[in-house]
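Full structure from sequences and hints, please.
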Amino acid sequence: MASSADEGTIRRIRDLATRPEAVASSRQVQSDLMAHHLTVEDICDAIGDWIDASERVKPTVIRNISARQGQPAYEMKPRINGWLYYIKVVIDGDAGAERMTLLSAHPDH
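Using numbering that gives the first Met the number 0, the letters of the sequence shown correspond one by one to residues 0 to 108.
Keep in mind that a hint or two might mislead.
[As the list claims (entries may be wrong)] DSSO-like cross-link-like pairs, simulated, lysine-lysine; straight-line CA separation at most 27 Å:
hint, residue 1, residue 2
1, Lys87, Lys76
2, Lys76, Lys57
3, Lys87, Lys57
No lab work stands behind these hints, which were simulated from the structure alone.
Structure follows, in structure tokens:
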């Protein structure tokens, strides 16, 4: 099977998904969520369900955002309202002050 993020990272993503106030989203994500009548909470719930089902959290590296180039990111593909979604997140900040940023949250093409 293809690689998955380490257990500690998956736990951090799961924990952050339980606290939508600790989740930021890019402008593109905000626009995509509005277009599909979704909220950050909906995405957080989908992330939690995905992880609880032991689905793959794929590690990747950001290449196309200059300010984040080389930063680790994590991809998931949960179903939301019957649609397959592509979600990419990064973890920002230090322990105790971590935030999760949604970089992508849109139907998977």
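Each hint, compared with the structure:
Distance hint between Lys87 and Lys76 is fulfilled; the C-alpha atoms sit about 9 Å from each other, no more than 27 Å. At roughly 10 Å between alpha-carbon atoms, Lys76 and Lys57 fall within 27 Å of each other, so this suggested pair holds. Taken as a hint, the Lys87 and Lys57 pair is honoured in the structure, with Cα atoms around 9 Å apart against an allowance of 27 Å.
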